[in-house]
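S.K.: Sequence:
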Amino acid sequence: MSAPARQESAVAAAVAAARTLGLAVEEPRVLYDVFSVVVHLAPSPVVARVPTVLGRTVLADRSAQLRQMRLELQATAWLAGTGFPCVRPAHPEPLQAGGHASTLWELVDQLPDPVGEAESGAVVARLHAALATCPVDLDWLVPLDPSVPDGIVQLADTRPGHVTADDVERALAEWAVLEPWATDPTVHAAVFPDVPVQPVHGDAPFYNVIVTADGVLSSDFEHVGLGPREWDVAGVPAGVRAGYDGAAAELGLPGLDLQVLALCERGRLLQLLAVFPLADAVPGMVDALEPLVAGWRDSPPLTDLRTPLT
Numbered sequence: 001m002s003a004p005a006r007q008e009s010a011v012a013a014a015v016a017a018a019r020t021l022g023l024a025v026e027e028p029r030v031l032y033d034v035f036s037v038v039v040h041l042a043p044s045p046v047v048a049r050v051p052t053v054l055g056r057t058v059l060a061d062r063s064a065q066l067r068q069m070r071l072e073l074q075a076t077a078w079l080a081g082t083g084f085p086c087v088r089p090a091h092p093e094p095l096q097a098g099g100h101a102s103t104l105w106e107l108v109d110q111l112p113d114p115v116g117e118a119e120s121g122a123v124v125a126r127l128h129a130a131l132a133t134c135p136v137d138l139d140w141l142v143p144l145d146p147s148v149p150d151g152i153v154q155l156a157d158t159r160p161g162h163v164t165a166d167d168v169e170r171a172l173a174e175w176a177v178l179e180p181w182a183t184d185p186t187v188h189a190a191v192f193p194d195v196p197v198q199p200v201h202g203d204a205p206f207y208n209v210i211v212t213a214d215g216v217l218s219s220d221f222e223h224v225g226l227g228p229r230e231w232d233v234a235g236v237p238a239g240v241r242a243g244y245d246g247a248a249a250e251l252g253l254p255g256l257d258l259q260v261l262a263l264c265e266r267g268r269l270l271q272l273l274a275v276f277p278l279a280d281a282v283p284g285m286v287d288a289l290e291p292l293v294a295g296w297r298d299s300p301p302l303t304d305l306r307t308p309l310t
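Residue numbers (the numbering used here): 1 to 310.
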C-alpha cells in the first residue's frame, strides 16, 4: 500500500472508531505520520494514534497488539492520575475499525520549543521515579518481541544493497545470545541480581516528549513494560545521559550498570536492524539506519551476556 493510501485508510479508521463513541468528527487533520498516523479528530479535543507500519508478526497477532495497547492505556492513566506530566488517554480501551487498531488521547497544544538535552534526560529520571510504583501488570522488555528475529531473517531478501548474508548470520547469532535475557526476567535476575527492574517507557523517552505552555509532557508509551532502567537510556546523547545521571542521583535512584546498559544498546541495535525491512515505508529511515548498521559491523560481536561490551 502506498504511503498516501495507508494514511487515508488510517484516518478513515480513526474517524469511524471515534464515531462509535459518539465523538463529533468533522475535519480530521493528520498531525504526524511515521510508524503511526496521528490524527486530530476535530472539532473534538481528541487525537487518535493508528499504528500503520507494522512487522508481519504484529499483523499476525492482533490480540497481542490489543493487549499491549490496553497496558499502555492503563499505565498512562495511572501515571496521569499521580499528577505526572504526560499525555492522558481519552478512552480506556483500544478501538478497532477498518482493519486498524487505535488509541485515543487528549489533545494538547504543542509548542515548537526544543527541549535541551540535560532537561530531556532529567525528564526520563523523573519518569522512572514515578513509574517505579506503577501497579499495572506489564510485560518484560516489550520492544524485544518476536518481530526482532523475524525482521532479521528478512534482511537478506529485503535489503540486499545494505545488509550482507554475513550481517544476517551475525545478527541471528547475537540474538541467540540475547534472547534468553530479552524474553525472560528470571534470566536477568540470575545473571544481574544487583540490577533492579521496574516499569520503563520502552521507546526513547528522552525524545518522545511534547512541549506545552504548562511544561514538558511525556508521550508515546506504546512499548511500556518491565525492564532495567538502562533500557530507556540506551544510546542517548552524552548531554541526555548527563542530565539523567544528575537528576537520578537527586531522586535517589541507583546508578546505571554499564554492562546492562551495553546489552540494552545491543538489543536496541538488533531491534533497529529488524525494522530495516520496513524502512521503505518511512521516508528517511534508510538513511538513518545505514550509519547504525555500519557502527554495529565495526563493534565487537556479542558472544555472552557476561562478556563486557564497553
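These aren't lab readings, by the way, just hints derived from the structure by calculation. Any given hint could be a false lead.
Unchecked claim - So the derived label-pair ranges between C-beta atoms look like this: (1) P43 <-> T307: 52 to 62 Å; (2) G295 <-> G98: 35 to 45 Å; (3) G81 <-> G22: 43 to 53 Å; (4) D113 <-> A242: 35 to 45 Å; (5) P45 <-> A288: 43 to 53 Å; (6) A132 <-> V211: 39 to 49 Å; (7) V282 <-> P237: 13 to 23 Å; (8) D61 <-> H162: 41 to 51 Å; (9) G284 <-> V153: 36 to 46 Å; (10) E106 <-> A173: 19 to 29 Å; (11) P193 <-> A5: 26 to 36 Å; (12) D150 <-> S2: 36 to 46 Å; (13) E106 <-> S63: 21 to 31 Å; (14) E8 <-> G81: 33 to 43 Å.
Don't be surprised by glycine CBs; every beta carbon is placed ideally from N, CA and C.
S.K.: For the hint 39 to 49 Å, verify it against the beta carbon of A132 and that of V211.
M.R.: 25 Å, violated
S.K.: Between the beta carbons of P45 and A288, is the distance compatible with 43 to 53 Å?
M.R.: Given a distance of about 33 Å, which is not inside 43 to 53 Å, the answer is violated.
S.K.: Within 41 to 51 Å: is that where the Cβ-Cβ distance between D61 and H162 falls?
M.R.: Distance hint for D61, H162 is violated at roughly 28 Å.
S.K.: How does the Cβ-Cβ distance of P193 and A5 compare with 26 to 36 Å: does it lie in that range?
M.R.: With Cβ atoms ~51 Å apart, the hint is violated.
S.K.: Given the range 43 to 53 Å, decide if the beta-carbon distance of G81 to G22 lies inside it.
M.R.: 24 Å, violated
S.K.: Does the Cβ pair G295, G98 satisfy 35 to 45 Å?
M.R.: 40 Å, holds
S.K.: That 13 to 23 Å hint for V282 and P237 (C-beta), does it hold up?
M.R.: Once the Cβ atoms are compared, 22 Å apart, the range 13 to 23 Å for P237 and V282 holds.
S.K.: Has the hinted range 33 to 43 Å been met by the Cβ atoms of E8 and G81?
M.R.: The hinted range 33 to 43 Å holds for E8 and G81, with Cβ atoms some 36 Å apart.
S.K.: Given the hint of 19 to 29 Å, check if E106 and A173 actually sit that far apart at their C-beta atoms.
M.R.: 45 Å, violated
S.K.: Range hint 35 to 45 Å: satisfied by the CB atoms of D113 and A242?
M.R.: 21 Å, violated
S.K.: State, for the Cβ atoms of P43 and T307, whether the hinted interval 52 to 62 Å holds or is violated.
M.R.: The hint (52 to 62 Å, Cβ to Cβ) holds, given that P43 and T307 are roughly 57 Å apart.
S.K.: Against the range 36 to 46 Å, how does the distance between the Cβ atoms of D150 and S2 compare: consistent or not?
M.R.: 24 Å, violated
In summary, the structure is inconsistent with hints 3, 4, 5, 6, 8, 9, 10, 11 and 12 from the numbered list given earlier, while agreeing with the others.
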